[in-house]
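Trainee: One letter stands for each residue in the lines below.
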Amino acid sequence: MGNVLVVAEHLHGKFPKTTLVSVAAGKQAASLAGGKCIAAVLGQGIDGLANELAQYGVDVVAVDGAPFAHYLADAYTAAIAQIVKQKDVEIVVAAATAMGKDLLPRVAARLGAGMASEVTAIDDARTFKRPMYAGNAIATVQIEGSPRVVSVRTTAFDAAAKSTQKGAVEKLSVTPDANSTRMQFVEFAETKSDRPVLTEARIVCSGGRGLKNGENFTIYLEPLCDVLGAAMGASRAAVDAGFVPNDLQVGQTGKVVAPSLYIAVGISGAIQHLAGMKDSKVIVAINKDEEAPIFQIADYGLVADLFKAVPELTEEVKKLKSA
Amino acid sequence: MKILVTVKRVPDPETIIKIGADGAGISTDNVKWVINPFDEIAIEEALRIKEKVPGTEVVLVSLGQKTSQEQLRTGLAMGADRAVLVLSDQPLEPLAVARVLAKIVETEKADLLVMGKQAIDDDSNCVGQMLAELLGWPQATFASKVELGADQKSAKVTREVDGGLETVAVPLPAVVTADLRLNEPRYASLPGIMKARKKELKEIPVADLGVDVAPRLKIVKLETPPKRTGGRKVGSVQELVKMLHEEAKVI
Chain H
0 MGNVLVVAEH LHGKFPKTTL VSVAAGKQAA SLAGGKCIAA VLGQGIDGLA
50 NELAQYGVDV VAVDGAPFAH YLADAYTAAI AQIVKQKDVE IVVAAATAMG
100 KDLLPRVAAR LGAGMASEVT AIDDARTFKR PMYAGNAIAT VQIEGSPRVV
150 SVRTTAFDAA AKSTQKGAVE KLSVTPDANS TRMQFVEFAE TKSDRPVLTE
200 ARIVCSGGRG LKNGENFTIY LEPLCDVLGA AMGASRAAVD AGFVPNDLQV
250 GQTGKVVAPS LYIAVGISGA IQHLAGMKDS KVIVAINKDE EAPIFQIADY
300 GLVADLFKAV PELTEEVKKL KSA
Chain U
0 MKILVTVKRV PDPETIIKIG ADGAGISTDN VKWVINPFDE IAIEEALRIK
50 EKVPGTEVVL VSLGQKTSQE QLRTGLAMGA DRAVLVLSDQ PLEPLAVARV
100 LAKIVETEKA DLLVMGKQAI DDDSNCVGQM LAELLGWPQA TFASKVELGA
150 DQKSAKVTRE VDGGLETVAV PLPAVVTADL RLNEPRYASL PGIMKARKKE
200 LKEIPVADLG VDVAPRLKIV KLETPPKRTG GRKVGSVQEL VKMLHEEAKV
250 I
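Residue numbers (numbering that gives the first Met the number 0), protein chains in the order written: chain H, 0 to 322; chain U, 0 to 250.
If you're looking for bench data, these hints aren't it; they were derived computationally from the structure. Possibly wrong hints are sitting among the right ones.
Lysine-lysine pairs mimicking BS3-like chemistry, simulated, CA-CA at most 25 Å apart [said to hold, decoys possible]: (1) U:Lys226 / H:Lys277; (2) U:Lys241 / H:Lys320; (3) U:Lys232 / H:Lys307; (4) H:Lys165 / H:Lys84; (5) H:Lys128 / U:Lys217; (6) H:Lys277 / U:Lys17; (7) U:Lys248 / H:Lys280; (8) U:Lys248 / H:Lys277; (9) H:Lys318 / U:Lys248; (10) H:Lys211 / U:Lys232; (11) H:Lys277 / U:Lys241; (12) H:Lys320 / U:Lys232; (13) U:Lys232 / H:Lys280; (14) U:Lys220 / H:Lys128; (15) U:Lys241 / H:Lys307; (16) H:Lys191 / U:Lys155; (17) U:Lys232 / H:Lys318; (18) U:Lys198 / U:Lys108; (19) U:Lys226 / H:Lys128; (20) U:Lys248 / H:Lys320.
These numbers come from a predicted model, not from an experiment.
Next up, chain U with everything else stripped away, as it sits in the complex (with noise of 0.2 Å):
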């Protein structure tokens, strides 16, 4: 079977945000960019279904500009067959994001779609879904468990929702999506860097694909949020439950 999974470069979760003097994006100096943590358990899930299933192509994509290049590569050295960069020098939204995908999914006929369920820039969680639909897929999102039937005609997803798990059941193909629980993602071999260097990492302009990306959202402002002011001590419990009920009155 062939599974697509897609890689998006982001800022490391750790990475203290500024606001970029243009006001409309980020200062990305001294940024260190990764792979979204939530593609990585996406690309882990994805290899641990090859191990299982002998034949399985395993094939990245991502969107973005060359640099992007630097997590297809990480990905491929984690054990991933070959890679697709569709370059774009804009930032695309969701729904462009998605109709990009789903040309890419078109053409090389994947069985199975797995994905992060949201990547930690702009905290959206909206591209897997609406590629689904405009796949006409069904689809198994935030992920802690994936099952697939013994003739990899059908998934079996175990999903974490508010209150509990839920599962669902669908027929292949579709796209699933990633949460935190569902695996604990491989790090790179120093092999499978080597081997990472000669696979497959093609690219494709985004204007060849000719698929409709004029955006629809736009972000007008992007400010600092008010800083909250912390960081005063008591000295013991006694204290904490005295200024609880008596100066916040909140207990």
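Chain H with its partners taken away, still in its complex shape (with noise of 0.2 Å):
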């Protein structure tokens, strides 16, 4: 009978929602497997983090120190072995956020496991559900041997709640060997925003190569997003002509997000951008262009000049919310 362990990632003393969905994505997986889900919490001062995951109803293994302060991918992946090891762990489970795609192939290297990437769905305790070719084929893999590797996709499973029965919270001392301490953390230059967080919103509008430049977003799509209360994303084309930051990315090599609103303003619909938002639950699409591809997905389809149409929208938002 094997435990799953689910490594919660943390930023600024609190956990994203992306870790809460990896939490109940590892209970998934633990009842299936007839185990025990333990969350591994890494980092430096981190009783209170400790505390408040055990809170989740799991067993915490707490990692303090150094080495650990910041994320690593290769001290993270030595702390990581040595509690598969020690708790007699079959399944490792991490949200496929850009942490979780950074550490978990290297964990399953380092144990020999077989791994599946961004998977949206738990079949049983070794087969699992998961996009390929930008979404257009889902494959149904199956993972022999133990342990077994998964990072899951955050959009695909609900986010765990607080449990009335807490979890018993360890502290490991882990000391990395010296093939594990090469990496060095430099900086993080964080993108500022008061808006919520592009893969937690309930609301994101999209802008694209459409709105021709930033400066455009900033004087279209920003009062969009901010009556909407809605978080702000970009197509690949706008990302790449620098108009807004990376990480406003959605689709196949960037985020993928399933809010229950997705407005798409001057996006024409290419197949990996499609890939990042087409499980969204109510699509809208504001188009110059009839032939767009990003129709035939949407649910509301409005051919029209974006620089028109998105402020008109953005007074009728507002003319709904104070009525």
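Hey, can you piece these two chains together into the complex? The hints should help.
Mentor: Laid out in structure tokens, this is it:
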């Protein structure tokens, strides 16, 4: 009987929603594997985080120390591998965030484990569903042997809720080996924004090449985001052109989102963009080209000049909200 | 210095993917094959280093069927020096690919490995990280900027991560995986294409490497995802807002 280990990512002393989603997926995997769900939290000065994590009904292993002050793939891999051995872990789970994507393959290689990326469903303890070819095919994959490693797509599972049964917290001391302390953190240039996080927002408004420049994102798209309480996203074309920072990119190789409402403004709808948003509940497309592929998947399409339609939409929503 | 760059043959990203009759792979009829776009960026980055650091050799490595020669020749035409093709009729999973590449890296004694961050066919985003671990090397994935130290013994890499840009420092040898914003890959020139024909392209059957490539990951089934039914148009902004409020109830 094997346990499931969830690697719990944190930022600024908090667990983002993506982490709570990975905890939920880990619990599901544990019940299918007939084992316990354990969560690992790594960092420096993380007692508070470890206690908070235990409130989600999982046992927590806290690895506290200077080598883990910043996330680094090599040191984290050493720690996770040690926990896997000590805790009889059969499945290692993390959210498919930038950190999860960077870390888990390295963990899998150290453990000699089979790995499935961006899993969207857990059929049983070794069978998983995952998208391939930019979401144009859904593969059911089976991983042999133990342990097994899976990163989970954060739009595919609900976030874990706090439980009345608090888990136990255990501290584990880890000293990474010489091969695992070569990477050095230099700096993190954070994109500051008061808007909701792209992967957590209920509404996302994304802009594409149709907006023509970065200034127009500020003039046209930001007021719409603000009146809707929406996160701002962008197509790859807009990011490549330097209109907006890279972490706003929605698509196959950017962020995958599935909000209640996705408004695509001046986005044509390339395959790789659709891969990042087609599971949204309601999709709206505003584009002046009525042949744009985005209209084929949009629930509501508006063929219009975005520079007229978007300010009008912002006004109408404002009216609605004040009514 | 010696830089190894990995190259994968994948369907053109604009190709409409259809599931094959066997339900285990895609139909390859009418598929146009290209270098994985991220690998093209990796090749470009290696070539830029070669232009700055005299005496640098850029070696391409691919793993697949004989047809991958085509993508390697394209990479050679861009300016890489020579290529190695590890022949395998079976598609291999990321860990097996990483093991094969680790073997090649050991023989070639590379100082730097530049790879695409993910292949756009299976979208696994695994091999670079796995390879770094197998070699005991540091990794700098999702790179948008690579600065080599003056002595070429270290690198400072800016990475595209959630919420911003992170910079890490790594000693070489190391694995760097390329993200979209790292550079704009060049096109092969006509003289480049002529020269590429004469460059070395060595083929090695995967069995000759003595690497464990036994699958641990099996595709049981491949399905087309449920189709979204869209296509409805509204006539005005007012109508759109009304629909979103009264019908969809999302605002």
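Trainee: Next, verify each hint and record whether it holds.
Mentor: Comparing the hints with the structure gives:
Distance restraint check for Lys226 of chain U and Lys277 of chain H: the Cα-Cα separation of roughly 10 Å lies within the 25 Å cut-off, and the hinted pair is therefore satisfied. For the proposed pair Lys241 of chain U and Lys320 of chain H, the alpha carbon gap of about 12 Å is at most 25 Å, so the pair holds. Between Lys232 of chain U and Lys307 of chain H the CA atoms are separated by roughly 17 Å; this keeps the pair inside 25 Å, and the hint holds. With a CA separation close to 24 Å, the supplied pair Lys165 of chain H and Lys84 of chain H stays within the 25 Å bound.
Our distance criterion of 25 Å between C-alpha atoms is met by Lys128 of chain H and Lys217 of chain U, whose separation comes to about 11 Å. Restraint check for Lys277 of chain H and Lys17 of chain U: the C-alpha separation of about 18 Å stays at or below 25 Å, so the hint holds. Restraint check: the Cα-Cα separation between Lys248 of chain U and Lys280 of chain H comes to about 11 Å, which is no more than 25 Å; the hinted pair holds. For the hint linking Lys248 of chain U to Lys277 of chain H, the alpha-carbon distance of about 19 Å falls within 25 Å, and the restraint holds.
Straight-line distance between C-alpha atoms of Lys318 of chain H and Lys248 of chain U comes to about 16 Å, which keeps the hinted pair within the 25 Å bound. For the given pair, Lys211 of chain H sits about 24 Å from Lys232 of chain U by alpha-carbon distance, which is consistent with the 25 Å threshold. Restraint check for Lys277 of chain H and Lys241 of chain U: the C-alpha separation of about 23 Å stays at or below 25 Å, so the hint holds. A distance of roughly 24 Å separates the Cα atoms of Lys320 of chain H and Lys232 of chain U; the hinted pair therefore holds under the 25 Å criterion.
Taken as a hint, the Lys232 of chain U and Lys280 of chain H pair is honoured in the structure, with Cα atoms around 17 Å apart against an allowance of 25 Å. At roughly 9 Å between alpha-carbon atoms, Lys220 of chain U and Lys128 of chain H fall within 25 Å of each other, so this suggested pair holds. The straight-line distance between the Cα atoms of Lys241 of chain U and Lys307 of chain H is roughly 18 Å, inside the 25 Å bound, and the hint therefore holds. Distance check on the hinted pair: Lys191 of chain H and Lys155 of chain U sit about 23 Å apart at the alpha-carbon level, within 25 Å; holds.
For the hint pairing Lys232 of chain U with Lys318 of chain H, the CA-to-CA distance comes to about 23 Å; that is within 25 Å, so the pair holds. Restraint check for Lys198 of chain U and Lys108 of chain U: the C-alpha separation of about 20 Å stays at or below 25 Å, so the hint holds. Distance restraint check for Lys226 of chain U and Lys128 of chain H: the Cα-Cα separation of roughly 17 Å lies within the 25 Å cut-off, and the hinted pair is therefore satisfied. Taken as a hint, the Lys248 of chain U and Lys320 of chain H pair is honoured in the structure, with Cα atoms around 13 Å apart against an allowance of 25 Å.
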